[in-house]
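Trainee: Given next are the chains, with one letter for each unit.
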Amino acid sequence: MAEPGATILAADGVTLRFGGVRALTDVSFEVKAGEVFSIIGPNGAGKTSMVNCISGRYRPTSGRIRFDGADITRMPTRRRAAIGIGRTFQNLALFGHMTVLDNIMVGRHHLMRHGFLSGMAYWFGGAQREEIAHRREVEEIIDFLEIQHVRKAPAGTLSYGLRKRVELARAIALRPKLILLDEPMAGMNLEEKEDMARYILDLNEEWGMTVLMIEHDMGVVMDISHRVMVLDFGKKIAEGTPEAVLADPHVRRAYLGEADEVVSEPEEALAP
Amino acid sequence: MEAAPLLQVNNIEVVYNDVILVLRGLSLTVPQGKIVALLGANGAGKSTTLKAISGLLRTEEGEVTRGEIRFGGERIDGIDPHLIVRRGIFQVMEGRRIIADMTCLENLRLGAFTRSDGEVKSDIERVYGYFPRLRERTGLAGYLSGGEQQMLAIGRALMARPKLILMDEPSMGLSPLLVKEVFGIIRRLNEELGITILLVEQNARMALSVASYAYVMEQGKVVLDGTAEALANNEDVKEFYLGGHGAERKSFKNLKSYKRRKRWL
Amino acid sequence: QQRIPVGHLMDNSGATSDVGVPYGQGVADTLAWVNASRNGIGGRPLNVLGFDYGYQAPRAVSQYQAWNRDRVVAIQGWGTADTEALVRFVTRDRIPFVSGSYSAALTDAGGKSGRQGVEPAPYNFFYGPSYSDGLRAMLRWAAEDWKTRGGQGKPKYVHMGGNHPYPNSPKAAGEALAAELGFEVLPAIVFALTPGDYTAQCLTLKSQGANYAYLGNTAGSNISVLRACQTAGVNVQFLGNVWGMDENAMKAAGAAANGVVFPVRTAVVWGQDAPGMATLRQISRISDASGNAYRPVHYMAGACAAMLMVEAMDTASASGGELTGERIRNGFYARQGWVPKGFEGVCNPSTFTAEDHRGTLRVGLYRAVVTGDTSQGSVAELMQSGTMKLQPVTVVELPRTRETLGW
Amino acid sequence: MDLAPAGDYRSSYREDMTIFPTRNSRLAMLLGLALLCTAPLFLGRYELGLLINIGTLGIAALGLNILVGFTGQISIGHAAFFGFGAFASAWLHERWHIPVALCIPLAGVMTALVGLVFGAPAGRLKGLYLAIATLAAQFILEDFFARAQWFTGGVAGRITEPFSLGGWVADREESYLYVVIAYVVVMYLAAANLMRTRDGRALIAVRDHYLSAEVMGINLAYYRTLSFGIASLYAGIGGALYAHYLLFVSVEAFNILFSIQFLGMVIIGGLGSVMGSLMGSAFMVILPEVVQAGADLLSGSAIDRALKLGASISFLREMAVGAAIILFLIFEPDGLARRWRLIKSYWKLYPYSH
Amino acid sequence: MDWTLLLQLTLNGLIVGALYGVVAMSFVLIYKASQVVNFAQGEFLLVGAWVCWWMLTEWQLPFWAGFLLTLAFMTLFGMILQVVVLRPLIGEPVISVIMATIGLGIFFQALMKWIFGVFAKPFPPIFSTERVNLLGLEVQTVYLMSLGISVLIMAGFAWFFTASKHGLAMRATAFDQQVAQSLGISVPKVFAMSWAISAVVSAVAGVVVGVVNGVSSALSFYGIKVFPAVILGGLDSVIGAVLGGLIVGVLENWAQYLDAEWLNWGNMVTIAPFYALIIILLIKPYGLFGTKNIERV
Ligand SMILES: Nc1ncnc2c1ncn2[C@@H]1O[C@H](COP(=O)(O)OP(=O)(O)OP(=O)(O)O)[C@@H](O)[C@H]1O
Ligand SMILES: Nc1ncnc2c1ncn2[C@@H]1O[C@H](COP(=O)(O)OP(=O)(O)OP(=O)(O)O)[C@@H](O)[C@H]1O
Ligand SMILES: [Mg+2]
Ligand SMILES: [Mg+2]
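Protein chains in written order, with our numbering: chain L, 173 to 444; chain S, 2 to 266; chain Y, 53 to 459; chain X, 62 to 415; chain P, 20 to 316.
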């Protein structure tokens, strides 16, 4: 594990093109170990694309991505779980027909060793012992995220907020060093956002995970992130502490609109 | 009110899969030419209410088991959704459900499916007027960003020339700028075209800023209603939906482990 | 009185059901008639256990095992693949098996031919010339025909049929004799056992310039070939397998069937007269009370095949004692030039010996003649009016040599 | 819904993860097995034969269910793999004189290898495209069977030898039944185990959401291919068992209709249900017999004469299969396994149910 | 090399391929509208051809009357199938729906054999000039007409999907039924319509083939041939279906040529399309013209 404060993730001139569309243009940034790093920006700015590049869903057209000292630009997606990158999705991507428990157990996949042959001979090859050991870990995560009551429910039947939480649990189960959260609070009410914010902070502070988060709720972004990067039309337009970024006129124009509600009084917005 | 309201929902009950009771005696009224907001926690039944009105409930094994829904004085509960569209109610569904493997233009043309007049072309132009960037996106709609998709979904609704648009969380997942833009457009639609809108939102602040009247739902019932202004000044609404304001705004960073969860119920 | 269990394997639904249905009907009617007219064998009625196996050998094998459990004493069989698969079982279980397959490989009763892949088949019998012998007869006729027609150079011969034990059965024997008789043997053409579009095959046939083509399949798919070849303008003399042509097929193929030469196993066809026809008409009434049905050649052959088994059982039962498979088999050897009683002039004489199960080497060739539109009217009407005719061509007597046994 | 009794008194993870979650279900299973083992005492050969068929087909159907129900990859060529197992076992014995008892698992392995070869494109193909590729595999394999004289005996097929183990020859239903039961038990337990371990979960994850499965570190191509391998292993063993029961194998049996029947078994039993596979195959084996029995009952009656039931019994059987599939899909889309669970929970709550 | 044979086989391939194309199109129609892979497409040909045969021979109707009645019957037939069998399955997994169509296929295949027997039956002669000579190849006039009909149907389909409102509605329904309903589209109507059209178009092909080759259960094999065709073309592309059909038709005939000239294996003509299918899928997993699923996370 990288020292706190050392660079854990570094994007270097990442460019991503889809035919004519330039989703990302020459984006460079660094994330330090132990940080909560947020990416904000207008819709279609390329935030999800950036996360997809890091998690391996997309391959950058050019540029490089380094993680924990190694170049992962061309590393297959599935190997990134093992080196410590976990993520959640903007639109829920749970295994709908599996129970919550199994969903989270899938997160342990790369940490488990038993294959199908020894799995079929469950009692004899040690597969059972391994299952139980991992089950213990998973139950811890379940306790942490307070989803005990739905442990055996199929993930597809849960309410939106719970599903988001299960997705987070599954990502945590990977034991990632870096966790990528794509709009973890979209569609949540205030109360759920508060819960989610607490989990993210705990993950960061107590579990020591580095967090890279995309979020549109400026309140959340301001409050919990250490540093913020702003993308617009695939280009990085600002980076720095939340306060500094929000003060940037370019950001205010491109992303927040002229008047900034987060800072100013809400009454004016309520005027009919 | 003087004139009969455009939409009237009287004491409806909605049941999913014959067992899950979601709405328990919900009533609300949407007057002609106004924007009415419907607020509420996750799972309160806001989307369900909209689907009950538009008839889409049935595609999800849901059913209105009690009460009635009247549109322009006529009962519409129990009518097939495609017929309800023809009567002038159009729902913009949660999560920008555009047809991903069609172009923007085709999506817009589909919006006019129920129409057979010759003004489809000029209406498309009008939509482009509201959302200039849709004109530039000539590829498949599936590759649009979230905000663009939301614009397309609203544009598609306009194509049907509805009397009432039901909007389900139009701001979900949009950047602050776009949220403003979308709400600006909602207001313009209402002012310029006189379209009545029933708006479901998590972003209470924005919703109350455009609506003239609002309802707050909890667990399938209306627990609070009033003019937008009145609600915006209600202490409970402030605490639970607006998150306090100004200096009192709680920071997400310093959340107390104990929170007041009790509501009106 | 306990009934005698007898198995009857039919194809009423599979690839060969076009001819399987009339043949199976003939067998079934005859056995029913034996029960009805003389109360079965030695006073014990037959319990005929019919099974439609859809021309799938594995299903036949599985059904055979069921019958074996039911202790059947004899079986009326059908296809080549299944009969060849069952040979070992019936030999082991000593159950006489009267097959609808005339594969020459099944005639080597003593297993003395020493041919590769030919197993002794002491319990297998069939009525009529083997496929190979039928083809040999047609080739001999074709060689003559080529001369009388004044053909120039070597006539070209081609074998056509599905890749299946049944069409394959006489392939090597036919090609060998054709070469011997001075034919040029062309590469075989494959077409499936089911009806279909065989234009491509016909175009190939045409470009090969074949003069004589053997159709190894059953009527249904042969019709498709005949029609496609007519359309493609192929000019070739078709030689049909014994199952390859009949009255139904002539109606279905129309003018395309005109001129096909094929072996017929009975001495007469329906509508002609012979002493035995009265019996056959009685049998026909079992499944057709009106007595108006036209019975194609396969029905009549089925009756003859069934009667061989019945008379062999008669013999076994007449000598007293239990009706075992072994004794029934011996019943097949009891007669020379064997024509079942009451079927004179219909069934051709057969002779079986413990070494040689080629019942006959006498092959009667007929020509299908179609002179008009066959789409209107029933087969009976068409035969009556002469729009369709079965015209005797010649009778070929093949020598009973050891070399051709089992081949 | 759940098999567990109302109160949850399991106290360790180990107990929470058993295949048979209640003592009663375990007892019932053992009792059922004991009953099967004594079946030759009270059932005739015909019925035993049906049981054997249910067992052999049930093993193969389970393989297909792992492929379709768990991994979500539709295969319309399962019968070809079943056939490959049958031929492989016959060939191993005839060509290499390996004892039949050994040939059966070896044939399973050989089929698994072939399955891996055909499954390799599965890493790239999705959904219907894959389904149709398996349809092609069905035809190509059938063609291979008809052509590969050395391996299959060509179109004429091959005679196989009965199962024997140290002098004990299982050439009758009474004895062969035990061979089949042993295989069914082992293969079903193995599948149930597989599904509660790492690779089993990975298979389902690939089905439910392959993009996020990949992010979880799951190798999509590997698991897509692996599920073909496992399915073929089951098919191969089922086929080999079939070959040594029927004592004859021929290409004709392994046609597309048979493949479809396997799919029918899986659907009727319940997609993604281990025990359902066995129920589905039982249904598919027994249904035609019932139709036949029905036609036999009617034989000679006026209905029989009017509809020519006797001569068209094959068509009726086929129609029954088609209709059964459709009716099941409409009225019992989750399969027999679910119906069975409902019945069980009904009795568990008796007399308080409903 | 035997050039005339090759040429004739190619021509024959195009003629047959056009028919495959028509059947493939009607298959794609259902797929596009309802995402249902119809394994009973071949049985549509079968039922259509038998019904027409019945009207012409048993009722002794003139051809055009029998033909029109057949089309009317098939419209009903398609709609009823959709309403009775497929509508209850809306929302079930793909495999269930596939199985339902397979079940339908088995059922009707057997039913037709039961009613009409296993023998191929000829149509009464319909046209006076039954053949013309084309490049030395005798071609049935019905085949040429079918070629014409095919082209017409193809053009109709192309227009329907890209320009007409109902075509768009069909595509929308295929993508998301709930959304389609929210747009005012009657999903049940769209489905019934697609099945009806598909049944009718297939029946036309069935009658054409029946007139040429006679009616028999072999017609249902067109339903299987459709798969290589649509895979070559891409499951959801109308143009792809047409091209796929033509390619399969020609390919078969070339395979026959290869076989006759050199290989002498015998059945390349039936198996070749499936080899082609596998090879194409290995190179292009979505066929030649199929649209790739949009996968955004
Ligand atoms: N697979 C793809 N193919 C083509 N274009 C794509 C693809 N994925 C993304 N894009 C394009 O790339 C741009 C950036 O998309 P991206 O999803 O990264 O935006 P985003 O910043 O996450 O927006 P949002 O906040 O709405 O989620 C968009 O214009 C989008 O249309
Ligand atoms: N198709 C369905 N079947 C069963 N239950 C459903 C269905 N759709 C919604 N529900 C349940 O109905 C309740 C209300 O759901 P609804 O979607 O109307 O809430 P909402 O107020 O729109 O919430 P959100 O803010 O999350 O969109 C929830 O508890 C949900 O679980
Ligand atoms: Mg995004
Ligand atoms: Mg909602």
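There may be inaccurate statements among the hints.
As the list claims (entries may be wrong) - Simulated pairs of lysine-lysine, DSSO-like, Cα-Cα distance not exceeding 27 Å: (1) S/K164 - S/K122; (2) P/K184 - S/K164; (3) S/K122 - P/K140; (4) X/K187 - P/K184.
In short, the hints are calculated from the structure, not lab data. What you are looking at is a predicted structure, and each value in this text was computed from that prediction instead of being measured.
Trainee: Each of the hints needs a verdict: does it hold here or not?
Mentor: These are the hints, each one checked on the structure:
1. S/K164 - S/K122: holds, 20 Å
2. P/K184 - S/K164: This hinted pair holds, its Cα atoms lying about 22 Å apart.
3. S/K122 - P/K140: violated, 55 Å
4. X/K187 - P/K184: violated, 30 Å
Of the numbered hints stated above, those contradicted by the structure are hints 3, 4, listed in ascending order.
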